[in-house]
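Two chains, each in its own frame: build the complex with the hints.
Sequence order for the protein chains is F and E.
Start counting at 1 in the first sequence, then tack on 48, and there's your number in the numbering used here.
Start counting at 1 in the second sequence, then tack on 792, and there's your number in the numbering used here.
Among the clues, some could well be false.
As the list claims (entries may be wrong) - Negatives, chain E to chain F, calculated, CB over 10 Å:
id, residue
1, Asp852
2, Gly860
3, Leu898
4, Thr1144
5, Ser1154
6, Gly1197
7, His1212
Said to hold, decoys possible - Once the Cα atoms are required to be at most 20 Å apart in a straight line, the calculated SDA-like pairs of lysine to any residue come out as:
id, chain 1, residue 1, chain 2, residue 2
8, E, Lys870, F, Gln221
9, E, Lys900, F, Lys142
10, F, Lys225, E, Leu901
11, E, Lys897, F, Met223
12, E, Lys870, F, Thr218
13, E, Lys912, E, Pro948
14, F, Lys225, E, Asp890
15, E, Lys897, F, Lys142
16, F, Lys232, E, Asp890
17, F, Lys142, E, Lys812
18, E, Lys1089, E, Tyr1076
19, F, Lys200, E, Arg879
Worth flagging that the hints you see were computed from the coordinates, not collected in a lab.
Ideal Cβ positions, reconstructed from N, Cα and C, are used throughout, including at glycine.
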Amino acid sequence: MKKFLAQSYIWLLLAMLYAPIIIIAIYSFTEAKVLGNWTGFSLELYKNVFGGGLNSSLMKAIQNTLSIGILAALLSTMLGTVSAIGIHNLYGRKRKVMTFLNDIPMLNPDIITGISLFILFIAVGVSQGYTTILIAHVSFCTPYVILSILPKLRQLPANTYEAALDLGATPAQAMRKIIIPQIKPGIISGFILAFTLSIDDFAVTLFTKGNGGIETLSTYIYADARKGGLTPEIRPIMTLIFITVLILLIIINIRSMKNTKK
Amino acid sequence: MPKETAIIDIRHLSKSFGDKQVLKDINFYINRGEFITFLGPSGCGKTTLLRMIGGFLNPDEGEIVMDGKNMLDIPPYKRPFNTVFQRYALFPHLDVYDNIAFGLKLNKLPEDEIDAKVRKVLKMVSMSGYEDRDIDSLSGGQQQRVAIARALVNEPKVLLLDEPLSALDAKMRKDMQQELKEMHRKLGITFIFVTHDQEEALALSDTIVVFNDGVIQQIGTPTDIYNEPVNEFVADFIGESNILDGTMIEDRKVSFLGHEFECVDSGFAPNEPVDVVLRPEDLYVMSNLSKAQFTAKVLSCTFKGVFYDIMVSVDGGYELLIQDYSHFEPGSEVGVIIKPQDIQVMHKLCTTNETEAKVIDSNHLEIFGECFECLPLDAKYSTGDQVRVAIDFDKMELQDNQEDGTLCGEVYFIIYKGNHYHLTVRLDSMEHILVDTDDIWDKGDLVGISIKKENIRIIA
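So that you can see chain E by itself, here it is in the shape it has in the complex (with noise of 0.2 Å):
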């Protein structure tokens, strides 16, 4: 059940736009006052569902419930939430002064209300002045501003914003934040804002829930979603990280880059392969080598303004970035410390790719959907059985040409893992299969997967 403080919560809401499920049983809640952004890649679901919030679009099954009413029997126009659209949609054919009173205008208030009501919130925009303007002739920065002000005067209880800056240059985008952030704590409604700029979302947020891929992958302050993330997607999206493939020996310890450190998470199987987070900012960087935990060789050093972005590497064919103060020579040995509670230590999502198959005769299998040959059958399989396989990360090849693989996909996320690449691939069924690899991919490649028949295991 959620708290007394939730203003809208959200139950078991699924949806799919043909044989793609956009989200996947959505649940949480959203606190009455709070500021939530909705984070995660274009395509992760979060635009869906606050376009289901708005009521613009059904859900496939589940409920959107506020103050005990279920909104899904409730029209848009009866919902007491107001969106700032991502291109703002105002009304061209209207002016300043009537795109903001359209909604008052409706709701047949007195005219000198509605007057009050209009050069008050564009004063609060700072837009004081531009009532007769065409919305033409407003740059973008004025059109957001309008845009707001225009969602504000109906006096929501619950403010959508779908990537309102997204369309603002960079110093406009920072204004604008600051800007948001003040009408919130001002106004004291509930905030839903929708981004794909992670810092944007730090910036902004009480609560920031991360989306891949229609799940919700963590749900928290940007403070916990920042330093304790609880997967390797979520450390990748927000904020930079070098996420390596580890081993937690026993509680507090923890294997990685060849060496055993102490860290201050448990609760993990004897020996569980792990990833590791380790922010760059927390890697203490120094010339004296017999203090380090470890030492590694730096390849670059390139000044950012406040710190040096420092790439090393590390025995084993590891690349760390870290950040730091002082600039070190490219070419010069360090030593490295890495303190136990800046090790971030996370559940692997899986650690092989895991799925059904079909018998198809003694020696060949359909998997995904394709026909793959495999290793003579034990004889107790006959055609049509159902079996469960497991492919291995690092046993599968990519090739350039799709044609030449027995599956086709497209790259959708890539993590680079110190010395490896981890992708993601999503195949033309939609399903996901994850492959380590050495070569440098690029997000949205189209790529070919074969597979050797001796890296077909079948498990059960």
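With the rest of the complex left out, here is chain F (with noise of 0.2 Å):
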């Protein structure tokens, strides 16, 4: 008894926690404008969403949120890589403070992030759109970046960047040869994760969109819930974002559990 409430518990927590997705999942199986209504098994919204039934103001929102998505984690992967190439050559004191101030971010709210980064556009006088959208994704996903390349680093064998530059290589031969290809675990899950987190921003985005009228995906569901009631084709939409996010998290995690192996 005591152990079936025990796992009782532990189901409760579970289905709590992913109930509003799962309803979401299944609720896209079904033609229903209102949220709620079952009015029978259908593909007509995925039909919608890939036959090109999607309005365009939609249509445009994912083609932003992906496209600011993949060219946000590859800058934010180039700088993150440099930067904590840079750390871990920093000695003592002077790494310590890199790698703290690198932490703040990644701790600070995103409301607070989404203001400072509005007030600094502001400031500097730049008229806001897809450029300080992309801007704003790239300075909160670096850090994650640095985050996930840091430890690939440290696990380098001691004096591996000398044996290269012993043995020929010029520094730029002795990151591209020898460094990048064993730090490239580290490249690739930052790139993964800046993606992920690029695509499901929404405080960030709605501060530094300005009034252009640009909309990713989550600020344009914001808008659309507002105006009364969601598209109904959000919730296949929702859907596959989720899966796609699992996926790419299965893999991060995947590829961490093989290298602790190692």
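If you want it as structure tokens, here you go:
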């Protein structure tokens, strides 16, 4: 009995955590306009998503989300890799200070990051839009990339870089042929992490998108919901995003598990 | 000026990390084709020097000249040196073949030439057939061989080896020593070897450079360094030894253990305090007491395989280590003879701690940055004056708790002087102070030092 109670507690907890997503997923297979009405199984909403049945502003929002996600992930991965190598080569106190400074943006609430970027962009007089969203996303993704690469650098055998130079590699060759290949798993994990963080973001995007009418999926849904009721096609889109993120997370976890085994 | 045979000339090299000076004005040269070893305890600066020769560190001052060219202008990847690193620093994402071929591929050598060279060098380190193996699948000794092969395949003029054998077990290490020596003989290039293992240094080297505390203590052949150490540090660090305080009475006559002995050293000031080194195998021990120079009582006699380690006590509270082929019963009286040529007499590095001090007031001095009470000062001194003070080795007290002493430090080096210990304590200010004590301390112990006011002597 005790065991049963303990187990049901866990399941209850999991159910509460996942219920919202599961409900969205279930209701993505029915045509009803209002969430909560079951009007029979149908793939109509999925057909609409893939068959061009979406309105153009939603389509545009999805495109923005994906392109910002990929670009932000690429840029923050490049920036993060270089920064991580730099931090790794610092000694003692300097390194501690830099790692600490890198941790702060990750702990900072999104809303504060968003508002401060908003104020910054106004202060320097940049008109807000696609570029400012991208800059904002790169800025909050980069610390995570650094965080996923630093442990890989620490695992490098001592004197790896020196050994490459010693054998005749220029600093650039040592990076390209020796350091980067060895920290590649961390770079890839960092890229995936940055991508999921970017497509997931709402608060920062809301404050940095400006009034030019540019929307990402998250801000579009927010606006859509306030206008009165979600567009039904959002349900399959949410389900697909959830599955994508889930797969990416599983990939990251498997990769890190493989590494610890080594 | 270095000789014609010099390949590398090191001039006035200094390096500090923060406020710690790890190399202090180093000057020496390395002969072409020799096997030279930098020997010293950890933190003595030997690895720093090797890294500078390799080009991975820049000195604060001085130059490293090779064949007339200052190497400091040349980046590591253009220096004709290759290094075997302490933990090998192999590239785990490449297999054995690609690790070794790395340097050759960078030089854009034709494929078949690379292939021939890699196979040849693998054969030389007895690793043929391991081309396709992953680095992680190799044992420590095998990784070691790959690291050596990877360095040698580029045909360097100088091979740098940074404690390459320290990660191997004892038997493996002995084998690798033999192989390294053989490789050196075959290749004829210069080997620069860094180690803290004196046995390894004695077995391998043509020349040994002994470092301590960023300063070269002695340069010489293994036999020179073993038989004629220039100071107590070298004597204690290389091999086993009895180091005793003595007095040089006149040329060829030295007094220690309360007796006078004939020796072969000269050129000391009359009655100069000296350090005397007696190697345990050079002391002759016998049951016949009448012919002995002095008598001793056997404390212990331990069989070491070929010889016995015999600890004896001598009048005056001295203990000596003697090595002999015969067994002597503990408790028995024995006679000891020391031949003149077996007594190595050395100048003392210093006979007292001398340092600058600042007058705080008529009863206080600032010494090593701390305030000490002293005997009332002469009226001619006023606040802020610089004076020189001396504190004798045996006039200090060591405390277990750093807080109990005025000075704080760490025991850095210990020499047993037969009847007392001679400690070098590194103060928090990185300065060294020498202390004689009867108590047993360990290297690395944190100690407080207090000095009574009557023991602070003003000398200038």
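query = So which hints don't hold here, by number, going up?
reply = The structure conflicts with hints 3, 9 and 15, although it agrees with all the remaining ones.
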